[in-house]
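Following the hints, put chain E in place on chain V, whose structure we already have.
Which chain is which? The protein sequence lines are V and E, in order. Sequential numbering from 190 applies to the first sequence in the numbering used here. Sequential numbering from 190 applies to the second sequence in the numbering used here.
Careful, some of the hints might be misleading.
Any copy, or any two copies together, can satisfy a pair, since identical chains are not distinguished.
Distance condition first, Cα-Cα at most 30 Å in a straight line; then the derived BS3-like pairs of lysine-lysine [as the list claims (entries may be wrong)]: (1) Lys209 / Lys263; (2) Lys224 / Lys323; (3) Lys261 / Lys315; (4) Lys534 / Lys261; (5) Lys542 / Lys404; (6) Lys490 / Lys256; (7) Lys263 / Lys363; (8) Lys571 / Lys404; (9) Lys490 / Lys404; (10) Lys542 / Lys280; (11) Lys256 / Lys296; (12) Lys363 / Lys534; (13) Lys564 / Lys490; (14) Lys542 / Lys315; (15) Lys315 / Lys559.
Calculated directly from the structure, the hints in this document are not laboratory data.
Protein chains: 2
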Amino acid sequence: MVVAIQQVKHVSGTNITSPKGYKAIGIHCGLKHKKKDLAVLLSEVPASVAGVFTTNAIQAAPLIVSKEVVQKGKMQAIIINSGNANACTGKQGMLDALTMQEKTAQKFGIESDLVGVASTGVIGEKLNMEPLLKGIEMLIPVDSLEGSIQFSQAILTTDTVMKNTVYRIEIDGKEVMIAGTAKGSGMIEPNMATMLGFITTDAEIESVHLQEALKVVTDITFNSITVDGDTSTNDMVLVLANGMAGNSSLTPAHPDWNAFLYTLHAVAQDLAKMIAKDGEGATKLIEVEVNGAVSNLEARKIAKTVVGSPLVKTAVFGCDANWGRIIAAVGYSGASVDPQGISIKIGETLVVKDGEPVIFSEEQLLLYLKQPEVKIYVDLNKGSGHGIAWGCDLTYDYVQINASYRS
Amino acid sequence: MVVAIQQVKHVSGTNITSPKGYKAIGIHCGLKHKKKDLAVLLSEVPASVAGVFTTNAIQAAPLIVSKEVVQKGKMQAIIINSGNANACTGKQGMLDALTMQEKTAQKFGIESDLVGVASTGVIGEKLNMEPLLKGIEMLIPVDSLEGSIQFSQAILTTDTVMKNTVYRIEIDGKEVMIAGTAKGSGMIEPNMATMLGFITTDAEIESVHLQEALKVVTDITFNSITVDGDTSTNDMVLVLANGMAGNSSLTPAHPDWNAFLYTLHAVAQDLAKMIAKDGEGATKLIEVEVNGAVSNLEARKIAKTVVGSPLVKTAVFGCDANWGRIIAAVGYSGASVDPQGISIKIGETLVVKDGEPVIFSEEQLLLYLKQPEVKIYVDLNKGSGHGIAWGCDLTYDYVQINASYRS
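Next up, chain V with everything else stripped away, as it sits in the complex:
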């Protein structure tokens, strides 16, 4: 992706309602004990929509509802509950998701097939519809930082922090904003895991091109993170583009297409890294960059295998420069590798060169491994394939969180 970087500005202090024409809010309706558990995002006008969804063969009812809306190409509102995934809940679950859609449409006076539905939380328990429907009645979305914060909080489950990012670009000389918010902490694995991502923009773009852009970006961002290898039944990323910036419609032939793609990528990558860093129980973000693979696809596969290895994750947690586990993971990734060609750096320290150990300062590496972000570089010297994946360390707290999630 070639792009004039100076066009793109990361914006701080703003939020999911930063692009023109969006409002949001989050409240506590009673699905969770005390925390916020219901959120809505609303666009002033119907927006082009693109979506990517879990690859799990078992898909929750809200996904099925939202997919249908995405297929029609327009969305104006998204209703999201946390605390209950409405997954494996049979016919009643499907009825409940449709009721959420219908009630949200009524509340905001829009067509029900312009409403997306998302749920996250425990699998296999029926939704408690009474508080949920009362909650929908109480939603008053606003175009403010406060509304965005409450929205971002209400979609969380075991997350410890909100995940927000905003960028500004110029398209046709018009200011265009792209903003994103996400949740995701456990059950995180490539190809859509328990992760919800919502991206808003005021760019003008048809849904077919928006979908094209989202697909390109998702593979190298949301699908390149892993926390525990568990792929969820509920995950989705939705992008709404309401056209209120007034640019001429974006297509791959538009002179600013690459700038748009670059910025969408920046938003998605920010969110993906925030999700990885906030992995359940995590103390560190791990980034694995692979170069010299036979293809980008193989490079990403290796990067994801290394960052997903429980032994690499525990070694990073323990600040142990155990590169043997890194090279073992490279070996079992299934990618084409030549053992004698592999070099590995942990941070800036070379630990393996051409498949053989290099003498290095354990003390210096120990200091590096104590940082909150650890980078591992693998060079295969086989081709020009490049890929990056993100994950987190595996800690006592991951076990604690997941040994007692329902209780």
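Below, chain E alone, put in the same frame as chain V:
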């Protein structure tokens, strides 16, 4: 595998040297701080040999040496060290493995191409050859329970228990023994992980048929366990058959072929389950049985995915009947499933029927989940495919063991 079960007897109190003509010993030579770290198994006469090896693209030097011996079809001794994997050690590592082979051959007065070599421990550190070669000189294998126990201890790394099993069958009216010992605790994943398995028998069988039998048995035993999904650089299972029982040579056409296969299967399954149960930090053995899949292969794939899910593993550790995680893992296994057809039992308690929750007693299940062995049954109602996989729970101790392995 149809077999007259009454032929087969599990034997207690005996060991890897139970079959006729085998001796073994294990000692401390100085690779580890205090524990035993060097072992040898010796057959009175050259034995037919079969082997399966790691699928990791990065293979340790001793594997390359042992593979060559297996290809020639005969083996008489196996020299094993623990504490150092001799993996990713370059040309020096290869020379060291060949030196181990050569010195063992000299010590016992046999040809060096009849000596297998195995190593397990830390990756990427060169072998400390001085104590190792002195150790080989000190090895005095014996045909006794004591020798077998010392052998079984000396091959362990983070294992907490020895893994031994012995069976007796009759072939041609002759008593035949098959015995096995194994190590393996972490980095355990299908297709040969950090696992060493050694099986001895006094049956007469050519190596080509022994290899055939081992392949059949490995897929449904050693390759059906997982501890952490990490596939090692060093793993192997070797079977020696020295023919000293005096039966007529076993082939698939032999009337007792199935009895032999059944018994080899029993030995391998015992060892595989012991390895899974002794997974690093584990408190429980988890067995997942899948029925009704479109094929046995898919059933095994699903079983392995469920038993390998960190979220299922932590839930079992926490005695949480969180079947949502089980069904989610079934869904992302990549196998062909129909959500409405899935039923799940935890122990004898039905928790999901035809894809929907069943009301069950949480208290009763809590009691069940506190047992040291937890069984999960998944029925897909799609075909007649059947498969079982074994694993263990994910605990605080797994993190502790692996956050500080090298220190």
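Okay, the hints, checked on the actual structure:
In the homo-oligomer, the alpha carbons of Lys209 and Lys263 lie at most 30 Å apart inside one protomer (17 Å), although the nearest pairing across protomers, at 77 Å, exceeds that limit. Taking the shortest alpha-carbon separations for Lys224 and Lys323, only the intra-copy value of 16 Å comes in at or below 30 Å, while the best inter-copy value is 66 Å. Taking the shortest alpha-carbon separations for Lys261 and Lys315, only the intra-copy value of 28 Å comes in at or below 30 Å, while the best inter-copy value is 62 Å. Proximity of Lys534 to Lys261 under the C-alpha cut-off of 30 Å is found in neither arrangement, the shortest distances being 47 Å within a copy and 40 Å between copies.
Taking identical chains as interchangeable, the C-alpha atoms of Lys542 and Lys404 are never at most 30 Å apart, the minima being 36 Å within one chain and 36 Å between chains. Taking the closest pair of Cα atoms, Lys490 and Lys256 come within 30 Å of each other both inside a single copy (27 Å) and across two copies (28 Å). With identical chains, the CA atoms of Lys263 and Lys363 are at most 30 Å apart within one copy only, with a shortest distance of 23 Å there and 77 Å across copies. Within a single copy, Lys571 and Lys404 get their C-alpha atoms as close as 27 Å, which meets the 30 Å cut-off; across copies the closest is 33 Å, which misses it.
With identical chains, the CA atoms of Lys490 and Lys404 are at most 30 Å apart both within one copy (17 Å) and between copies (28 Å). Only between protomers do Lys542 and Lys280 lie at most 30 Å apart by alpha-carbon distance; the minimum there is 13 Å, versus 57 Å within a single protomer. With identical chains, the CA atoms of Lys256 and Lys296 are at most 30 Å apart within one copy only, with a shortest distance of 22 Å there and 70 Å across copies. Taking identical chains as interchangeable, the C-alpha atoms of Lys363 and Lys534 are never at most 30 Å apart, the minima being 43 Å within one chain and 59 Å between chains.
With identical chains, the CA atoms of Lys564 and Lys490 are at most 30 Å apart within one copy only, with a shortest distance of 17 Å there and 33 Å across copies. For the homomeric pair Lys542 and Lys315, the shortest alpha-carbon distance between copies (15 Å) is at most 30 Å, but the shortest distance inside one copy (55 Å) is not. Proximity of Lys315 and Lys559 under a CA criterion of 30 Å is satisfied inter-copy only: 27 Å between copies versus 43 Å inside one chain copy.
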